[in-house]
Amino acid sequence: MRILLRYIFLFSFLLLSGCSTLKPGGMFAIDDVKPWHKALLAEERMQLNPYPLENSADQKVYYSRESANGGQGIGGGGCGCN
Amino acid sequence: MQLKDKKLQSKPTVRSALMIATCTVLSGSLSPVCAAEEDDGSLSKVGLSTFYYSEEDRVSVNTTHVAIENDLGDESFLRANFIYDTITGASPNGRIVPSEQSGSSIPFTSASGFSISVNDTGSAGNRWLTEFTDKRAAIDLSLEKPITRTLKGIIEGSFSSENDFTSYGGAGTVAWDLNQRNTTITGGLALLNEIVSPGSGTPLGLGISNCAETAPALPDWETCNITVPRYGDGHKRVFDGVIGVTQVLNQRTVTQLNYSHGVSLGYLTDPYKLISVVDYTLDGEEVMILYENRPDRRTRNSLYWKTVSQLSPKKVVDFSYRYFWDDWGITSHTVDYKYRYDYAPKSYLQPHLRYNMQSSADFFQQAIDASVTGLPQYASADYRLGKLATYSFGMKYGKELGVNGSFAMRAEYIIQSYRGVDLPDMRALVYQGTFTFKF
Amino acid sequence: MNEVEPVTLERHNDLWVGRFSAMASPCELLMDTPDKALASRLLSISSHEAKRIEQKFSRYRDDNIIFKINNAAGQPVQVDPETALLLTYADQCYQLSDGRFDITSGVLREVWRFDGSDRIPSITAVEMVLSRVGWPKVEWHSSILKMERGMEIDLGGIGKEYAVDRAALLIRPHIQGGVLINFGGDLCALGTRSDGRAWEIAIEDPACGDKKQLGLVSLKTGAVATSGDARRYLIKDGVRYGHILDPVTGWPIPGAPRSVTTVASTCMEAGMLSTFAILEGGGAEAFLKELEVEFLCL
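Chains V, F and U are the protein sequences, given in the same order.
My numbering puts the first residue of the first sequence at 1, with every later residue one more than the last.
My numbering puts the first residue of the second sequence at 1, with every later residue one more than the last.
My numbering puts the first residue of the third sequence at 1, with every later residue one more than the last.
These are computed hints drawn from the structure, not numbers from a lab.
Here are a few chain F residues that sit away from chain U, every Cβ distance over 12 Å (derived from the structure):
#1 Ser54
#2 Asp57
#3 Leu129
#4 Thr166
#5 Gly241
#6 Gln256
#7 Thr307
#8 Met357
Derived contacts from chain U toward chain F, CB cut-off under 10 Å, selection only:
#9 Thr88
#10 Leu96
#11 Ser97
#12 Ala168
#13 Cys267
#14 Met268
#15 Lys289
#16 Glu290
#17 Leu291
Here are the simulated BS3-like cross-link-like pairs (lysine-lysine), alpha carbons at most 27 Å apart as the crow flies:
#18 V/Lys34 x U/Lys289
#19 F/Lys45 x F/Lys399
#20 F/Lys315 x V/Lys34
#21 U/Lys220 x V/Lys34
#22 U/Lys289 x F/Lys145
#23 U/Lys36 x U/Lys220
#24 V/Lys34 x F/Lys145
#25 F/Lys438 x F/Lys314
#26 F/Lys396 x F/Lys314
#27 U/Lys137 x U/Lys68
#28 U/Lys220 x F/Lys438
#29 U/Lys220 x F/Lys399
#30 U/Lys220 x F/Lys45
#31 F/Lys152 x U/Lys289
#32 F/Lys346 x U/Lys220
#33 F/Lys396 x F/Lys438
Fair warning: this is a prediction, and the values are worked out from it, not measured in the lab.
Don't be surprised by glycine CBs; every beta carbon is placed ideally from N, CA and C.
Pulled out of the complex, with its shape left as it was, chain V reads as follows (with noise of 0.2 Å):
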């Protein structure tokens, strides 16, 4: 059950994405990008952390439920969290 749950999990992730390949238009094309081409980028939910408030939130969850934790940035306190 535990195996074909973490099929159907990396599957859906699969089905989810747009595509996404490096070819021009794709998500990971690379283009010198001028300065008022960044309309886009500025939006709220184009943000590396869009969402602070869930954000913490969940690292609270994850860091009282496993042992790997941080990766995005540094700060914010600690928590004995049991």
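Model the placement of chains F and U on the given structure of chain V, informed by the hints.
Structure of chains F and U alone, referenced to chain V:
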């Protein structure tokens, strides 16, 4: 005669003066553009969140979070977070889960001034869980200021306090923009001081908490000298550093790679966690309970990669991968995926998937075999150090309210399953509602 | 001057495109709406406003307030509120540019003819004309303007952008989808296109006849304006004299880019920012970067 010779006003002032002059000419017809310009003075943002986490039969947490961001002008910001948690419930304490047959149960008192759960003999009950109630208040403040046109710095301080735990610390980060601000290099250092103060002190690592009264044989290495815990508070110092690169790949995509390295020193053991000594010749019956013991040093590393990309005006994907490894033998992979779909101009739905797996710590063991000739130096049966996998499935709904506000609510379902510990899967639900507004 | 250029309205791809001629430029209106009657109404409003402003502020006419001011021979002239707003604006731009944007500098064209030849004026000629230049010499307050005989004001540096913004204001209450106003390269976008896409605007090198594209601006709302003109210049002894003149010295601004395109929230602001940038000469790019304006310099 160049403009540079007479720097009467700073350049951004020229820009805003020009904007005002233009709007004066056009304001006869109440240009909405001009009305909007006035708002760009100094905006403050306030975020409110109420969060409820509930594990099936175990811990529940209720959190209120207020976040304030004050724009001080000149690209400087002052930020504050106030967080208040209430935690109740029961958590696995590391003792083995009794099998059906096992009738006896060692009376057990918790190591601190929490609400105690004492089990009588006869009912195995939930001896492998410890109940507690806790309230936690935390505050952090940070100041972001530009140093030069392409360099900015952030300093922050944090403080948090619970019944038996206090932490305080500070961090500093710098961010350097290059390449027409398409590349940003960040570096940060943080220091955190944590103090664990269980009600009656911290126990001796691998000291005896209690023994079975009717156990036929105790291990060679122990007579049942119950250790009364009572060292003082446990002190822990944590150092963390991170370096990262953020790169704009194209008009719709930005990606970030961070490497973090941290060292934790001091009292890293959990004073409430226990480890059972089990006699396998007696059908796995628990004969003793010991306090756990962890090393007094831990070095942690992680590599974190995140990409945010707009596939179309309505679709944004946000996915990240983290690889973690430390010197306790734990390695972990975490994949997180969010897909935001703006089905209407001001509303969106965002499904979320997260998968995390970790290997167990070197000194992790579910129980100590009574027949071993000597105790290991370190041992812990805390399921969080064992081999496990966490699956999260969530859905979020968000909506913009007018020009200045937004609202969102989400629900998540989390399943954690264990490989190294004989514990049933943990299932939890998360509900969170957030409001943000600018003024 | 008596020819009336036709006003046309055509369906092109999924847009209504209206075209007309005003202020010596081809003007067009791109409208993202299926409603032809609405497109026609918007076109009518815009073209009438553009022609009204041309008629009122063009220095080539003899029947408007500009002619009256330029031929007042030292006598005070009372101006209407709209003209007063523009003159106040010109005054503020003079201050903000430390004297380099000056609407009285038009008379310098009498000695400078930018026809690609090598005929640059003599220093004496320039100095003689320079005595008739200088906004501080103009008395301007409470809607009354008084200028010395021989001085002239020219609103050509503001007029087209003002027309774009005025047209935008007038059509804004009527539009349902996105509209792009383009008066000879000075643009304003009102609302995005119906599917949320931005307007894609190509910046061309005017010196290249085959319209080679140099840059692409993605505009959701806001305005784009261009200053400069690569075709108007003089060359002598290998030195290129661009046609933007410093009103203080009477000579072209050294090192000025051939043209500057900027993006801002209104066309007037974008136009003035690009003008200020050109007036910075060689420091144009640094100037715009410091103000954090989106731009393209040629």
